[in-house]
Structures are given as C-alpha cells and as structure tokens.
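So the protein lines, in turn, are chains A and B. Sequential numbering of the first sequence, starting at 104, is according to my numbering. Sequential numbering of the second sequence, starting at 992, is according to my numbering.
One should not assume that every hint holds.
Listed below are the simulated EDC-like cross-link pairs for lysine to aspartate or glutamate, each with C-alpha atoms no more than 16 Å apart in a straight line [said to hold, decoys possible]:
no. : chain 1 : residue 1 : chain 2 : residue 2
1   : B       : K1312     : B       : D1322
2   : B       : K1225     : B       : D1188
3   : A       : K356      : A       : E381
4   : B       : K1408     : B       : E1362
5   : A       : K384      : A       : E422
6   : B       : K1365     : A       : E381
7   : A       : K258      : A       : E216
8   : B       : K1049     : B       : E1072
9   : A       : K258      : A       : E422
10  : B       : K1040     : A       : E216
11  : A       : K451      : A       : E265
12  : A       : K327      : B       : E1136
13  : B       : K1040     : A       : E381
14  : B       : K1118     : B       : D1270
15  : A       : K258      : A       : E276
16  : A       : K343      : B       : E1143
17  : A       : K253      : A       : E276
18  : B       : K1040     : A       : E214
19  : B       : K1116     : B       : E1072
20  : B       : K1040     : A       : E265
21  : A       : K385      : A       : D345
Source of the hints: derived by calculation from the structure; they are not laboratory data.
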Amino acid sequence: MLGWFKKKLSGKKEEAAAEETVETADRVDAGEESAPSSTPGTLVPDEVAPPMKEPAESDEPAEAEEQKKPQRRSMFQRLQKRLGKSRNHFVHRLDNLFRGKKKIDQELLDELEEILITADLGVSTAMDLLDAAKDSVKRQELNDPQALKKVLRDKILSFLQESNQPAELVLPESGPFVIMVVGVNGVGKTTSIGKIAAKFARSGQSVLLIAGDTFRAAAIDQLKIWGERVDVEVVAGPPKSDPSSVVFDGVAKGVAKDYDVVIIDTAGRLHTSVNLMEELKKIKRVIGKNLSTAPHEVMLVVDATTGQNAVSQAKLFNEAVGITGLTLTKLDGTAKGGIVANICHELKIPVRFIGIGEQVDDLRDFDPEEFVDALFSVGEESDSV
Amino acid sequence: MFENLTDRLEGVFKKLRGHGRLTEENIEEAMREVRTALLEADVNLQVVKEFIASVTEKAVGKEVLASLAPGQQVIKVVHEELVALLGSEAEPLRLDGAQPVVIMMAGLQGSGKTTTSAKIARQLKEKGRKPFLVPADVYRPAAIEQLHVLGEQVEVPVFSSSPEQRPVDIARQAVAEAEQNGHDTIIIDTAGRLHVDEQLMGELQEISSAVRLSEVLFVADAMTGQDAVTVADKFNTDLEITGVVLTKMEGDARGGAALSVKKITGKPIKFVGVGESIDALEVFHPDRTASRILGMGDVLSLIEKAEQVVDEKEAKNLAKKIQKNVFTLQDFLEQLQNIKKMGNIEQLMGMVPGINKLKQLQGAPIPTEVEMAKTEAIIQSMTKKERSNYKIINASRRQRIAKGSGTSVQEVNRVLKSYTTMMKMMKKMQGKSVVTKGGKRRKRPKGLRR
Ligand SMILES: Nc1nc2c(ncn2[C@@H]2O[C@H](COP(=O)(O)OP(=O)(O)O)[C@@H](O)[C@H]2O)c(=O)[nH]1
Ligand SMILES: Nc1nc2c(ncn2[C@@H]2O[C@H](COP(=O)(O)OP(=O)(O)O)[C@@H](O)[C@H]2O)c(=O)[nH]1
Ligand SMILES: [Mg+2]
Ligand SMILES: [Mg+2]
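The task is simple: from the sequences and hints, build the whole structure.
Dropping the structure here:
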C-alpha cells in the first residue's frame, strides 16, 4: 500500500490494508478514503498480484514458496521465522532481561544501553534516551522495568515520527510523479527501484525508469533486467555518458508520454565526494527543466548494516539535494538499522519503505511501531513463533 | 562537541597534573572517553569492552613520561594497543604452492566483491602474474556482465559463465580452463549473501570443497556498524576466511568495523578499497587506521603525500620568498597546484583530524575541489603583472578576470581575500621555523595545511 502516495490513487481505492496487521498512523487518518471493493485500478495486496515473471536466476525454491503463501503475520514475525535462530537468540535475551526483573537497577540500565548500542542507535543517543527515560520514570515514581521500557520505546517511536514531510504528497495535476533515488555505493538503490516500480505497476500506474547510473559497470544492464522483470519501460543512454543528459531525455519522455510515475536511478557515491555531489545537484536541476515541480520525492537509500556513518550520509545528501524520504534496505540480515532513528530525528525525514530481501516482493511499507518493537523488544510476540 | 579524543582526555587529566604514575582510578574516567570514541567509530560493543579491560591493565602503573601529558600518555597506550590488535602491516596474498592458486571473494550484498576482484586482478597482473577472473554470482542481475566489463578495463580475461550454471560448476570448469590456458591465479567473484542464509552459505562451502582455495577474502564495507562482528564471525566459521578487505575507506567513516572484524576472526586485513576506480586499492596500515578510529585523523598519510610532491629545493625557495615578503599570486597558484598533486582534496581533508565534524557544519571554510579549480582559473586569467602585484587589481581588472575565468567578481574577491589572509599568516609565522630548515621536510605539511 503506497501509503505516502495517496492523491493519485484517490478515486481509486485501497484494499491492500488487509495485508498488514498493524495500521500505520497515516493509514488510520485516511480512514474515510475506504471505498467499495474491486474497482478497476484497485491497489491489490502483493500476495494476490498477478504473478511476476520469475527472475531467471532465482534459484531459491524454499524462499519463493514462502513468499507466495498468504501471510497475515507482521513483517517482522515473517522475518523472524525466515531467519530462525539468530534473531530469536536476541528475542530471548530481551525476554529474560525483562521477565527476571522486578525493579530498575544498574544492571538493567546497563543491559538496556547495550541493546540500544548494539542496534546501532549510537552511544550518545543511547545515553540520552536512557537518562531521559530514567528521569521520567523517577518523576512518575515508577519502579517497574516495563514502564521504563515503555518510556524508551515511545521516545524512539517519536523520533521516527517527527517527519515534517507531508504524509500525503501534493502531486502535480498533470504529468508524472518523479522520484530521484540517491545513496552511497551498494546500498540497494537499483534493487529498491525495481521493487518500488513493481508496487506502482501493480496498482495500475504506468511507470518509467531512468538509468541515471552510467558509471558503474553494467549498472544500466542491471536496471534493464529489473525493467523486464517487473514489466516497465527503461530509458538508458550509453555507459559512461553524462547522466544529466540521460535524465533530461528520460524526464522529457515521461512528461511527453504522460507516465504516472518516473523513477530515476543514480550512481552510488560517497557523500564526502564534492565533485560527485555536484554532479548529483546538476541531475536534480536537470530534472526540473522538463517539469518544474519535479523531483517530487528525493529518496535516500540507507543500508541497515551501516553504523554511525549513516548520519553523515544523510546530512550531506540532504544538504546537496534535499532528501524527502528514506528507504532502509537489508533488514533481512541481523542488523537492526537503529541509526535511522537518528536520521529521522535530526533531519525530520520519514522512512517510506524497508527492503527485506533481493526479490521483487521483498519491500514493505515502513511501520514505525513494528520497527521499534523489533529494534528494542519483540518479547511478547516471540512466544508464538 | 568538536574536540577530539586528545582534547577530551586532556580535560579529564587536568586535575591530575603532576602525578607521576597513572592509577586505576584516574584511568577509569579516561577510559570512559575512550569507550565513547570507539563506539562512535562503530567498534562493536563487546570488542570495546574487552579492549578497555586490557588497556586499563596495561596503562595502570605506567610512568607518565616527562615529555607527555597524562592524556597523551593514555592515548599512546591506547593507540599502541589498537595497532597491535589491528595486526601486522601489509600482509601479502598467499600465491605460492601449486599453481594456479585460487582466491575466492565472499561477503554481504553490495560490499564491493566484484569491484575488488577486478582491482586485485589488476595489481597481480602488474606484478607479472596471469590472473583469470571468474564470475560466479548467478543471482544479482547483470553481475556477470559487470565483471566482464571490469575485466576488459583491467585487461584480464574473464571466464564465460551463465546464470543457469551452479556456482560450484562454474568454479570447477574455470579452474580447468585456467590450467589449460596457463593462468596462475584464479579470482572467483561470488554473489553477496547474508550470513544467516544457510542455503547460500552452503553453496560457498561447496565451492571450497570442490576446488583448492588458497585465499578466501571476506569483503566488508568500512561503514558497517555493530553487526560487523556477527557477520564476520559467521563467514569465518563457515568458510575459514584467510583475509579481509575493507572497502569504501576513502569516505568519512571512522572504520571501527576494521577492529571488530579483526578481533573476532583473527584474520589479517589485507587490503583497503579507497574508491570506485580500478586502481583504488591499497595495503592496510594499522597505525593510520588506529588514529582514524580514535578520531585523530590520518596525519601520517598526509605527511607522506606531502613529501611525495613537495621537493626540497622548491620548499627552500618558498621559504626565502616568504621571508622576503615576495610571496606572489603566482606562488599562491603553484602551491595550490602542489596540493592538487597530492591527490583529491576531499580525500586529503579526510585525513586532517577533526575535519569530518567541521565538514558537517554548513559554510565551514573547507575548500572544495570545485573552489580549488575556480581559484586556479581565476589566477590563470590574471596578467603576469597582476600576479606579481595584487594591489593593481582594481574593479575593472576584477571584472575582466571574472569574465576570463568564467566566474564572478565576488569569486575573484574571495580569491584575493584568501591570498592576502595567507600573506598575513605567513608574515606572522616568520621567525618561527615553519618552513624547511636544513632539508627537514617533515615540517612542510603544517605550512600547507593552512
Ligand atoms: N539481503 C538484501 N539484499 C539487498 C536488499 N536490497 C538490495 N540488496 C542487494 O544489495 C546489492 C546491491 O544492490 P544494488 O541495488 O545494486 O545497489 P546500488 O548500488 O545502491 O544500486 C545487490 O546484491 C542486491 O541484490 C535487501 O533488502 N536485502
Ligand atoms: N566509494 C567506493 N565505492 C566502492 C569501493 N569498492 C566498491 N565500491 C562500489 O560499491 C558498489 C558495490 O560494489 P560491487 O563490487 O558491485 O559489490 P558486490 O555486490 O559486493 O559485488 C559499487 O557501486 C562499487 O563501485 C570503494 O572502495 N570505494
Ligand atoms: Mg545501482
Ligand atoms: Mg558482485
């Protein structure tokens, strides 16, 4: 359910909600939008979508099988199940931590700090959070570990929800909705674009991809393969050509042919490379030449395994091109991606999607509550898994 | 907020000045700062704990050297210990034994395996070996194609695999083909995989039992956070890795993952990747990495680079000019060009202590590549006369220069301002031996740095 992409869908309707067990805040707000069921152009849940062309090289029957099963459990429960032991190990540690405790003592605080740091929230954030939580518990004269946990959880949740970007984007009356995707090398930009394109295409939108990474070897081929996989068109130039000119042509085509959505891939670059960041600024300017309101979304892709450096990435990309949303990839590993809480908090940018695998279906809308629970405690749920 | 560890430790020890020996109590507080610094650098928490325990033990009872403040003394101990943990300098690849030798790359998705394969092939080729690149990533779209393109760039043959093949079959066939064609080194690039993906980990184990591997290189991203330990441990347990490559080290990541990975696997870090281009692969320097993890910058690399480009005679010449107060815009230009010879300015700046924090402040006075290029163009648009006497550059000349260099009058003003500021600073420095004396070039970079 493209929660943040609503306007274009109004008139069409959403029934995708059934897929997710937990409603996000902005979905609840959108309650009045719920309309009769099946109309043309209806957004359908991933699981019942027309079968995608199976990626030729997919060789993981077990995995594919699991994706096809209709699943109503939360994404993290699914993840937990897929990942088996390693995540459960963590779950149990937390369970034991809170169950064995009757009151808040130094040992508990140390362990909490450890959990937060291990989740990549950062040492200073962890200490600030704990200090604030301790104060709050003291003020309310609570001496219950669960209360401390709740205060902490709520605080992190508030970080994730501080976005000052509109939950619903104002879309152009006519012309495409343009997304520019940026990030450091190898985080999963191209893959996420493939997945996002599929999501739009399934909801009946016409999608155009632009191969703006002309630098990395075979990056253009990679995007073209994704285009074939999800059956959307790709505009590309020759390798090593000027990305701005490819992007210019692509956006021109998107406007002329009146695509609903245009997604622009860019080459990975380290945020510290001033030259490459200049190139990115230029690409953004060029996008605006054919459509003055574009790009409507500048999406930074962050790898969940990244540590403290992700904050520096977000700041410098934001300074250069103004980030409006995040995608957090590779959450199917054991990394927690806690650093995004810092990014959201400092830059007031929302997380839109999470990536939980390499296949087309491995993309989920970001759900802050679930994320925090997974980050910090998945205690209660773990029993049923 | 912008102080580095040295400053913070000096703060901690201020009250203790005069003490002859470091005691457990006064070290404890200092170690809290060290702990924070290491965690900020993404060193894994468990690793930090063990490290702190062992350093505390080593530091207690140490005499504070007369020449050093207690803070510096602690840093020295911490730094030495870090270097020792990070391992020996420049461990080479194991390429002896029965030929051809096989190197297999392994790691998470997007860490840089394919790029590093090509970089290593290039280095080996330059050393006179006959490498053979083998694409065994049958999952990621266009991964095989990617290695073919890179192989072409470095002029190393690439095995023709297809995505329908099983990686273990690719490996076997490639070894046979390499033997036939007289290759002595085979580099197998594999697909990225999660350490928790038992099926895909099994696939690599299959390769390692099918062909005799001389090296299994674990490729990790220098920006990795706390999870580096979990991942490296699993790859090491499943595959018995023989070495580590840390990529994307040219950025501003403090690179604590280096320590985490080294500590948990005990395997040497053999290379670091410092860029996307095919020659951006360097040997690992434990001392520099230790400084970087502690947030002290990479001053050694900076000095080394400066020494490579500033020649002694030129430096003496410059010293004379400054003394005589005839440091012209032409000299200014030449100095800029010297700096440029040292390499990418952003990379250089990354080596200066504390600069990364500064960079994040908007409007910080850090020259960018673009600004440097503009400055160069502006001075080059000046006449000889103007370059030797900046005072004659009036408004109309400024306009002409701006036009000639494709910049603006404001930017010309900016250049003149930074030139005059530099002149003033140089005058102030006169008398202090900042610039070369008797060929002691070590001091040069200080002058260059500002
Ligand atoms: N496990 C996992 N791998 C991912 C995910 N997203 C991307 N990848 C993989 O990460 C690698 C780099 O992705 P790519 O899209 O090429 O990154 P880009 O360089 O940012 O465009 C590829 O091997 C992808 O299959 C994810 O959510 N989970
Ligand atoms: N900045 C930088 N980028 C690198 C480095 N090594 C690899 N990359 C980039 O990281 C991305 C992923 O690299 P790739 O070799 O495809 O990773 P793989 O998925 O592990 O094979 C590409 O964009 C590479 O250009 C490095 O040392 N520095
Ligand atoms: Mg890409
Ligand atoms: Mg690869």
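With the threshold set at 16 Å, check whether the alpha-carbon distance from B/K1040 to A/E214 stays at or below it. Holds, at roughly 13 Å.
Holds or violated: are the alpha carbons of A/K356 and A/E381 at most 16 Å from each other? Given pair A/K356, A/E381 is violated - Cα atoms ~24 Å apart, limit 16 Å.
Given hint A/E381 paired with B/K1365 - CA-CA distance at most 16 Å: 14 Å, holds
Given the hinted pair B/K1116 and B/E1072, is their Cα-Cα distance within 16 Å? 36 Å, violated
With the threshold set at 16 Å, check whether the alpha-carbon distance from A/K343 to B/E1143 stays at or below it. 14 Å, holds
Sort out whether A/E265 lies within 16 Å of B/K1040, counting only the CA atoms. It is violated: about 34 Å lies between the C-alpha atoms, which goes past 16 Å.
Between A/K384 and A/E422, is the straight-line Cα distance small enough, at 16 Å or below? Between A/K384 and A/E422 the Cα gap is close to 10 Å, so the pair holds against 16 Å.
Straight-line alpha-carbon gap B/K1049 to B/E1072, limit 16 Å: 9 Å, holds
Are the Cα positions of A/K258 and A/E276 separated by 16 Å at most? Between A/K258 and A/E276 the Cα gap is close to 38 Å, so the pair fails against 16 Å, i.e. violated.
Can you confirm whether the C-alpha distance between B/K1040 and A/E216 stays at or below 16 Å? With a Cα-Cα distance of about 13 Å, the restraint between B/K1040 and A/E216 holds, given a limit of 16 Å.
Given the hint that A/K385 pairs with A/D345, test it: the Cα-Cα distance must not exceed 16 Å. 11 Å, holds
For the pair supplied as a hint, A/K258 and A/E422, confirm whether the alpha-carbon distance does not exceed 16 Å. Violated. A/K258 to A/E422 sits at ~26 Å, over the 16 Å cutoff.
Of the numbered hints given earlier, the model fails hints 3, 9, 13, 15, 17, 19 and 20; all others are met.
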